[in-house]
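*Asks:* These are the residues of each chain, in order.
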Amino acid sequence: MSVLLEEVTVRVPVADGDLLILEPTSLELTERRVALVGPNGAGKSTLARLLNGLALASSGRVLVDGLDPAHQGREVRRKVGFTFTDPAAQLVMPTVAEDVALSLRRTHRNRSEREAAALGVLTRYGLEHLAERSVHGLSGGQRQLLALAGVLATEPDILVADEPTTLLDLRNARMIGDLLLGLPQRLVLVTHDLELAARCDRALLVDDGRVVADGPAQDVVDHYRATT
Amino acid sequence: MSMIGDYRPGATLLHRLPAGVKLLGMLVAAVATVAARGWAASLVALAVAAALLAWSGAGLRVTVKALRGIALVAVLLFAWQTWQHGWPRAVETVGDIVALVLLATVLTATTRVQDILDAITAGLRPLRRVGVDADRVALAFALTIRAIPATLELAVETRQAAQARGLERSLRARLVPFVIRVVARAHETGAALHARGVGDQD
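Chains as they are written, first to last, in the numbering used here: chain F, 1 to 228; chain X, 1001 to 1202.
Bear in mind the hints are in silico, worked out from the structure with no lab data behind them. By construction, the Cβ of each residue, glycine as well, lies at the ideal position given by its N, Cα and C atoms. There's no promise every hint is true.
These stretches of chain F come out as covered by chain X in the derived footprint (C-beta under 8 Å, 3 or more residues) [what the hints assert, rightly or not]:
(1) 105-113
(2) 131-144
(3) 148-160
Please model the entire structure based on the sequences and the hints provided.
*Replies:* See below:
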């Protein structure tokens, strides 16, 4: 599956005109695990959001497996899952099992099948003992794991994770990082965790709305460290 | 923090009844409670609701939580009605409201939100022919149930942040960040649902 950006820009309206937050960018992502690193406000999340249609290109074209998120958003979202930094906004149902089941409503119309599938997903990610627990009562690591499970339940081909370890302690950050890198899906990982980024196959260093370095992850991470 | 959406597993008849039946029962009870006039009718409704709540096994903690959420409004309303119309009207008005909150607590304590969603979806499916999207309406119900405790959580966090800065008496320091955070959370939740493909047309 190809992920292609052709001369893509993103502008947002501000009081005195438009603000360019992503300069013309052309990329083809073919590696299994790609990291996006760079300072806050550089445009990493915007770049990542383009892949799922959460952000739309102001000019240029994004193609995910030949599909344009601007016009075929539903089809693209079935192929590209997305998780956010703060899992609290993603967990919309009262209990752990119900939240995963929400993701499965489209694919499993029958309730008992859906519940069984949700339990299967929870078991896969070691959350089955929390199935009936309120999402409010979960730890930060458990919430992030549940948010991931809710997205992975739909079996996307690509997972885009926007700073999934930023709010976590060291142990949970390692657990989530190991899980992400071990997924069979392709991964686009926005992160400030440079050790995690270095374990990817490729990294892009984004700064001031531009991709300023692109290559093997360890090389890009070393470059980022040396120039910061 | 949680006020509603607190399912309590159990094996009572109330737990076993289909969610659609309970929703319909809730609707009928609400209409009957409001339609029945007089303070005595309100006390009967209150007694029935309390009995159902006890039968459901929801427990004291859930009941207190549910009532705490409306306590201030109930007290102010009771005082206002007593002053304006006398105690019988006050008992009738506040009794009806408390009875309905208790009935809603019975529903959420004995019914998984997933089951409520399914019942709403099934109930509205015939209306698809006139353009009603049953899945979206059901999702709106679920989000409303989820939004209440989540918004209370934000209110507590915002109040604590104001206190930490010595601004506990400033209404502006509490209200403005609260409104901004609620809107931001709603935006994030919308983006998350969008990203999960929830609500996409089939």
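*Asks:* Closer than 8 Å Cβ to Cβ for three or more residues is the test here. Does the stretch 131-144 of chain F pass it with chain X?
*Replies:* holds (count 3)
*Asks:* Cut-off 8 Å, C-beta pairs, minimum 3 residues; does the coverage of the stretch 148-160 of chain F by chain X stand?
*Replies:* Holds, because 3 residues of the stretch 148-160 of chain F bring their Cβ atoms closer than 8 Å to Cβ atoms of chain X.
*Asks:* Are there at least three residues in the stretch 105-113 of chain F whose beta carbon sits under 8 Å from a beta carbon of chain X?
*Replies:* holds (count 3)
Hint check: no violations occur; every hint is consistent with the structure.
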